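Counting from 401, one number per residue, gives the positions in the sequence shown under this note's numbering.
Quick caveat, the hints were computed from the structure, so don't treat them as lab data. Any given hint might turn out to be false.
[As the list claims (entries may be wrong)] Here are the simulated distance ranges between beta carbons:
| # | residue 1 | residue 2 | range |
| --- | --- | --- | --- |
| 1 | Tyr401 | Asn466 | 16 to 24 angstroms |
| 2 | Asp494 | Met462 | 34 to 42 angstroms |
| 3 | Val404 | Asp465 | 16 to 24 angstroms |
[Stated by the list, open to error] Here are the simulated lysine-lysine pairs, DSSO-like style, with alpha carbons at most 27 angstroms apart:
| # | residue 1 | residue 2 |
| --- | --- | --- |
| 4 | Lys431 | Lys446 |
| 5 | Lys487 | Lys425 |
| 6 | Lys446 | Lys487 |
| 7 | Lys425 | Lys446 |
| 8 | Lys431 | Lys454 |
| 9 | Lys454 | Lys425 |
| 10 | Lys454 | Lys487 |
| 11 | Lys431 | Lys487 |
Computed from a predicted model, the values in this text were never measured in an experiment. Glycine residues also receive a C-beta, built at the ideal position from the N, C-alpha and C atoms.
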Amino acid sequence: YTQVFSSSGEGSRLDRTERRYAWFKRQLRAKEEVWQLFPPSWRVPKMLCMYFCKMTRAQLSMTLDNNAALKDAGESEVRVLLEALHKTLEFEQDLEERF
401 YTQVFSSSGE GSRLDRTERR YAWFKRQLRA KEEVWQLFPP SWRVPKMLCM YFCKMTRAQL
461 SMTLDNNAAL KDAGESEVRV LLEALHKTLE FEQDLEERF
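From just these sequences and the hints, can you work out the full model?
Now the structure itself:
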């Protein structure tokens, strides 16, 4: 995750936020058989999800802090920010239903 979406790389941009969530969902689906190896009480997928959310929050926070364009945001920057917010809310709702 950190290699694909490093805070300084192309994946760190706000318009790539949805790609982060899609990547994580694919990882969860791809590893479903692996999660069955662990006792259900460990809630491995949920713990990974919590870790992913903490890392993503920190990286997106840094992106927002470092993005000087948002300080004097034009219409296109505001649109990107609102789209990222919308996709984040959808992702949160999906996780709430899953866990």
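Do the hints match the structure? See the list:
{"no.": "1", "hint": "Tyr401 x Asn466: 16 to 24 angstroms", "result": "holds (19 angstroms)"}
{"no.": "2", "hint": "Asp494 x Met462: 34 to 42 angstroms", "result": "violated (24 angstroms)"}
{"no.": "3", "hint": "Val404 x Asp465: 16 to 24 angstroms", "result": "holds (21 angstroms)"}
{"no.": "4", "hint": "Lys431 x Lys446", "result": "holds (13 angstroms)"}
{"no.": "5", "hint": "Lys487 x Lys425", "result": "holds (13 angstroms)"}
{"no.": "6", "hint": "Lys446 x Lys487", "result": "holds (20 angstroms)"}
{"no.": "7", "hint": "Lys425 x Lys446", "result": "holds (12 angstroms)"}
{"no.": "8", "hint": "Lys431 x Lys454", "result": "holds (20 angstroms)"}
{"no.": "9", "hint": "Lys454 x Lys425", "result": "holds (16 angstroms)"}
{"no.": "10", "hint": "Lys454 x Lys487", "result": "holds (16 angstroms)"}
{"no.": "11", "hint": "Lys431 x Lys487", "result": "holds (23 angstroms)"}
The structure fails hint 2 only (numbered hints given earlier).
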